[in-house]
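Residues per chain, in single letters:
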Amino acid sequence: MPGISLGRMLAMARKEAIQLRRDRRSLALAFVVPVLLLLFFGYAITWDVREIRLAVLNEDVGRRGAELVDAFVASGYFRVTEHLARYGDADRRLVEGDVAAVLVIPPTFSRDLAAGRGAAVQLLLDGSDANTATIALGYADAIVARYSGQVVLQGRRSVAPISAETRVWYNPTLESRNMVVPGLIAVIMSIIAATLTSLTVAREWERGTMEQLASTPVHRLEVVFGKLLPYVAIGLFDVAVAVLAGVLVFGVPFRGSLLLLGVMSLLFLLGALGLGMFISAALKSQVLATQVAMVATYLPALLLSGLIFDLASMPWVLRLVSHVVPARYFVNVTRGVFLKGVGLDALWTRGLSMLVFAAAGIGLATASFQKRITR
Amino acid sequence: MSTSLRLLRIRTLVKKELRQLFRDPRTKRVVFGAPIIQVVLFGYAVTTDVRHVSTFVVDHDQTAASRALVDALTASGYFRVVGRSDRSGDIGEALDAGRAVIGIEIPRGFSADLAAGRGARVQVLVDGTNSNTATIAQGYVNRIVQSHGLREAARRGVEFPAGVELRARAWFNPDLTSRAYNVPAVVGVLLLLISFLLTALAVVREREMGTLEQLQMTPLTPGEFILGKTIPVALIAFVDMILVTAVALFWFDVPFRGSALALFVASAVYILASLGAGLLISSISRTQQEAFMGMFLVLLPLVILSGFMYPVDSMPAFFQKLTLLNPMRHFLEIVRAVFLKGAGLAEVWPQVVVIAVMAVAVMGLATRRLGASLRFRS
Chain L
1 MPGISLGRML AMARKEAIQL RRDRRSLALA FVVPVLLLLF FGYAITWDVR
51 EIRLAVLNED VGRRGAELVD AFVASGYFRV TEHLARYGDA DRRLVEGDVA
101 AVLVIPPTFS RDLAAGRGAA VQLLLDGSDA NTATIALGYA DAIVARYSGQ
151 VVLQGRRSVA PISAETRVWY NPTLESRNMV VPGLIAVIMS IIAATLTSLT
201 VAREWERGTM EQLASTPVHR LEVVFGKLLP YVAIGLFDVA VAVLAGVLVF
251 GVPFRGSLLL LGVMSLLFLL GALGLGMFIS AALKSQVLAT QVAMVATYLP
301 ALLLSGLIFD LASMPWVLRL VSHVVPARYF VNVTRGVFLK GVGLDALWTR
351 GLSMLVFAAA GIGLATASFQ KRITR
Chain Z
1 MSTSLRLLRI RTLVKKELRQ LFRDPRTKRV VFGAPIIQVV LFGYAVTTDV
51 RHVSTFVVDH DQTAASRALV DALTASGYFR VVGRSDRSGD IGEALDAGRA
101 VIGIEIPRGF SADLAAGRGA RVQVLVDGTN SNTATIAQGY VNRIVQSHGL
151 REAARRGVEF PAGVELRARA WFNPDLTSRA YNVPAVVGVL LLLISFLLTA
201 LAVVREREMG TLEQLQMTPL TPGEFILGKT IPVALIAFVD MILVTAVALF
251 WFDVPFRGSA LALFVASAVY ILASLGAGLL ISSISRTQQE AFMGMFLVLL
301 PLVILSGFMY PVDSMPAFFQ KLTLLNPMRH FLEIVRAVFL KGAGLAEVWP
351 QVVVIAVMAV AVMGLATRRL GASLRFRS
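Going line by line, the protein sequences match chains L and Z. Going by the working numbering, the first sequence opens with residue 1, and the numbers climb by one from there. Going by the working numbering, the second sequence opens with residue 1, and the numbers climb by one from there.
This is chain Z alone, in the form it adopts within the complex:
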């Protein structure tokens, strides 16, 4: 069989796929709009910064000194007073109802204790349901209260020697914006999601609607069928990658320090692996609903074990080992290194090779299974 005939058949199928997909004008909006919504959402919502913690204040002392302490807390920007009262029980109520995360109770005699140098005390109640916020907020309270106390003492002429100061400097991302870390990673999740879902649905739809028989009667070989199904999806995935990268660079001002070539090569092998996974799911699903559910079954563990939002380092040892089998974990390492650390192919080639090996394995398995399940004539 001549190569040109083969190419023609593949091209025809690609054209048919694209036409079928984009016949519905809404597809364009969904396929290209949804990734943009997602990257914007992730860019703004995923943050480990703790600010404006809602705080309930019960001040039994009602003096200038007690008010100065509350002002010191709010002036830091970490705390926002959402309510005040003079009954201790109100703190518990506010925490129970979730109106406040922190309750501060300043006892009567606070000002007098402070003035006499007896050591004034304040009670702090923390809602521990959000452990992350609670841990960090607790640290802020202690530090602010302590330094405020020393300042107050100095104002009254009681000099304490100066203590230790921590000067932090963050490499690669001086402001420690979570955005620079999270936004590039969205590329990894989206590429997998799009390639995986569209491939799986494209194949299963033919099966579900009964048009697969028609295709089986054509002189198409399984290989041509698979290429024709995956090429349009790969094209869409690449466009999505460029869109998301553009949003990251121009909207979120994420630095891009490394090599664009490295990103492209890595994306190509990664997309290949995702297409393979999509084909694999489609070879075992009969309905689109099954394929969609199957996708969740595979996708969520991959996302969770990728270091996308949850640091791999703090997982149990077993799960850390498991992440090594996850192409998304390796891809995210590449993406972050390329964006933030200025890496090129010279630095990230080991990860690229790992993903490529996985891609070939998955693709091989998928074509064999799908080829068998399709039972084409030729």
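The shape of chain L in the complex, shown without the other chains:
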């Protein structure tokens, strides 16, 4: 067998591209799915839990109770939907699920505070939605702490012993859209890679065209690159569309270098597509390949990339696993380029990880691609 020839590789790519082009609907989906996903995720996913439905049971006879309720409303995180008269109603409203939380202020609230004894308020939460409840609790905690600080200092001429001046970088308004949209590109690329290449080799096996491929004088590296090339092109196009949509539709700031993002996307795509092809070639069955591709690529990209869920809060086993999830590095890169505007000096370790990933993906795909017909 002679060396690797660019001509044969391109011929292989053309064959794959023709096959893809014939399959008009698959092709359309390859372009439509990413855009649709981005729009859906971008609009529907918001972690900004605003206007949490709050019922208030204010039994306080003084003005402090009303002040605290005002502090809740002014924060923008809570919306008081009703005022309750009895403690028993709190139970009922929570069980019925009409409110997410109930704030209970005791009768002696103002008096206790005036006497410097300290006072407690109660927050009842609907724990069956733990996600919203946790976030609501975090907000309530911060609001009460701030109010408490005001009460403590009020009427005294002193200042708080220590105060923290907080500044938020990169995303000062703390909008979850700015966090979700750049990271999504990584997840969408993982999905595209999984759906497109996990079937490409298995299809040849199932349709029996593998024999033809095996008898053609092409090196398997040529086959792998040839098969990947059209998909890489689609993937890069999808990235470009996603970036445009992110900036134009969602108004996410793009502060870094487009070239850097392009190169990183290329590395990521080569790795992800190679991995999909490896799964396909190793399993030789489209049904199995789709299932395994889901578990091996899409889910880790969604869950273990830090896209939405904080890696630092996960058990150590998952934190360890997340280091071999390439999407984790890619999410870092897209956020870095979009929001932080950083360059290679801050991202080179991620670039290196993705280079390793790309090499591994291509290597695995090539190794698993035997040109022998043994079932």
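It is worth saying that the hints were derived from the structure and are not from the lab. Fair warning: this is a prediction, and the values are worked out from it, not measured in the lab. Using N, Cα and C, we set each Cβ at its ideal position, and we do this for glycine too. Misleading hints may appear alongside valid ones.
What the hints assert, rightly or not - Computed list of chain L residues with no C-beta within reach of chain Z, every gap over 12 Å:
1) L6
2) L10
3) E59
4) Q212
5) V324
6) F369
As the list claims (entries may be wrong) - No farther apart than 30 Å at their CA atoms in a straight line, the calculated lysine-lysine pairs in the DSSO-like style are these:
7) K15/Z with K28/Z
8) K341/Z with K321/Z
9) K16/Z with K28/Z
10) K284/L with K16/Z
11) K284/L with K28/Z
12) K341/Z with K284/L
13) K284/L with K15/L
What the hints assert, rightly or not - Computed from the model, here is a short list of chain L residues facing chain Z with C-beta under 7 Å:
14) M179
15) D310
16) A346
With the hints as your guide, set chain Z onto chain L.
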């Protein structure tokens, strides 16, 4: 035509399907193993808790008081110091490179200001790229710094009156573990995924491999064909549901307070709706790749608009209305109510009816379309 003959034909097709599916021993591992991997992954990974936030400390003061403040932050368990230095610029670098999410800078004279009661200040820089973590972490910093300050003042004999304390109590899920909320919901996603994908691929595979013509020559009617294709998938889906529920109960210790009957009935109508969706996709796809892509096109919006990971309440009003058309949203309500709130059929029947109506509609549409596209002789 006699009913027994009909039953025999359906049974034969079911047997053929199961044999074809499980002829490959790997299928069993994938079809039953993948759901378990997914539920474990979701159980551990999906969490809104914020802990161990990586923190970079620049301490210009280098006194006992400044160290005590940093200790107060780390002792809370919410923050983990990943680096220290004495150059302000290092914070920016650590945030840029993503090594730290929070940077704390304690200025020179911190200890002196604190002792003199002038009000000491610290600077906190937060990486806002992960808005969720940033919001919560910011709240923690403020609270810890404030209460630490009051404690320090009290130690020096400056008494402040006690402030307001928040006592939270969560119903149905006292520890507010996200697991109890998320793990049961995985059932909803998996049932749809399995029934949908396997049905679609089972039909399209015959078309793609050309064996559909063979089937069309047999005296099989479209109805029998559809039953024969869907029954094996429904069986697998039920086994998967039981597996996932078992993992939730025995591995994750999620409470199961409601009625098992309600869960079964709801699952049955939900699986029916998912099978219908799978058939519908298979009636318009010619290749397995198309079917798989089509599945993503349908599945992802369904998952996103179900309240599975993203609260429906915080979606824009239009999307909230859209979720009402989503069977998964109703099924998740049932699952969570049954697991956590102890609901039975008496409480969840409205949702069951909604899903049943959707199932009948989708199934009807799918059989009509598929029946027409199959063009069986009879």
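Results for each hint:
1. L6: holds (28 Å)
2. L10: holds (23 Å)
3. E59: Per Cβ check, E59/L is outside 12 Å of chain Z; nearest 15 Å; holds.
4. Q212: holds (17 Å)
5. V324: Answer for V324/L: holds, closest chain Z Cβ roughly 14 Å.
6. F369: holds (19 Å)
7. K15/Z with K28/Z: holds (16 Å)
8. K341/Z with K321/Z: holds (24 Å)
9. K16/Z with K28/Z: holds (16 Å)
10. K284/L with K16/Z: At roughly 21 Å apart (the allowed maximum being 30 Å), K16/Z and K284/L satisfy the hint.
11. K284/L with K28/Z: holds (16 Å)
12. K341/Z with K284/L: violated (45 Å)
13. K284/L with K15/L: Distance ~20 Å between K284/L and K15/L Cα, so the pair holds.
14. M179: holds (5 Å)
15. D310: holds (5 Å)
16. A346: Given a least distance of 4 Å, the restraint on A346/L holds.
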